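Respectively, the protein sequence lines represent chains L and U. Mind the numbering: the first sequence is residues 1 to 135 in my numbering, read in order. Mind the numbering: the second sequence is residues 1 to 92 in my numbering, read in order.
In case anyone wonders, no lab produced these hints; they're calculated from the structure. For clarity, every value in this text was computed on a predicted model and none was experimentally measured. Worth double-checking, as some hints may not be accurate.
[Said to hold, decoys possible] Here are a few chain U residues that face chain L, going by a calculated C-beta distance under 10 Å: (1) D62; (2) T82; (3) V87; (4) A88; (5) G90.
Yeah, the Cβ is synthetic: ideal placement off N, Cα and C, and Gly gets one too.
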Amino acid sequence: MLTIPKDLRDKIVTHARADHPDEACGVLAGPSGTDRPERFIPMTNAARSPTFYEFDSTEQFRVWKEMDERDEEPVVIYHSHTATEAYPSRTDISYANEPGAHYVLVSTRDPTIAEFRSYRIHENEVTEEPVTVVE
Amino acid sequence: MAIEVRIPTILRTYTDGAKQVEGTGSTLGELLADLDRKHGGLRDRLVDDGGLRRFVNVYLNDEDVRFLAGLDTPVKDGDTVTVLPAVAGGVL
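Throw the hints in and build the complete structure from the sequences for me.
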C-alpha cells in the first residue's frame, strides 16, 4: 500500500497537468527504510515527449547523490500518461529498475479527473496497490 | 589504491549485496572487465555488443561517461564510478 500526504499527491497531479501533453516525471524521496514519501522532486523529462519519459542523466545523478547524502530513498517514482490509462506499459515494466519503489502513474487524458494509481514492479511483474491519501 | 564503483540496488545480486566494490583498469572498459572477474555477470548488465547499454547510466566522478569517451574513458586510482539504472518508460 502507498500512503501519501495530500499535498504531495496534489503536486504530482499539478506537475502532470502543467507538462501535458508531454509526459511528466519525478520522484518523492523519503527517509531510508520508512516507506514514507516526504520530499517532492519534479524531474525534467529529457525525452520531452507525449509517449516517452526519461530522467535527464545529469540531473538524476545530482538528485540520487543528494538522496544518498540525506539517507533518503526514491520512495515513489512517478510519471504521467497523457492519452491512455494510468497503467504501466510494457516499456514502463521493462525499464522499472527500483524494486523498492512505488511506481505511481497519473493519467491526464481527462481534463477534469486525474487518475492516480500506484504499482510495485519487480522482475516484470506488476502488482497494483491501494493508495491512501492522508492530510 | 583502486577505483571505487557504486552499485545500484538492482545489481547488488552480483556483488553479494555490496553497495560499493573496487576494481582496477586504465579505461572504463578495462575496469568493467576486471569487475566481471570478481562479480561474474555484472558486466553483461552494463554493456552489450554496441557498448554501454542504452538504459544504464555510468558516471565517472560526477560526469555521465556518454559525454566523455564511453567505455574508452580513462580512469585512474582514486576515481569513483557510479552506476545508476536510467529511469524511463513510455506508453508504447
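Hint check results:
no.: 1; hint: D62; verdict: holds, 6 Å
no.: 2; hint: T82; verdict: holds, 7 Å
no.: 3; hint: V87; verdict: holds, 4 Å
no.: 4; hint: A88; verdict: holds, 4 Å
no.: 5; hint: G90; verdict: holds, 4 Å
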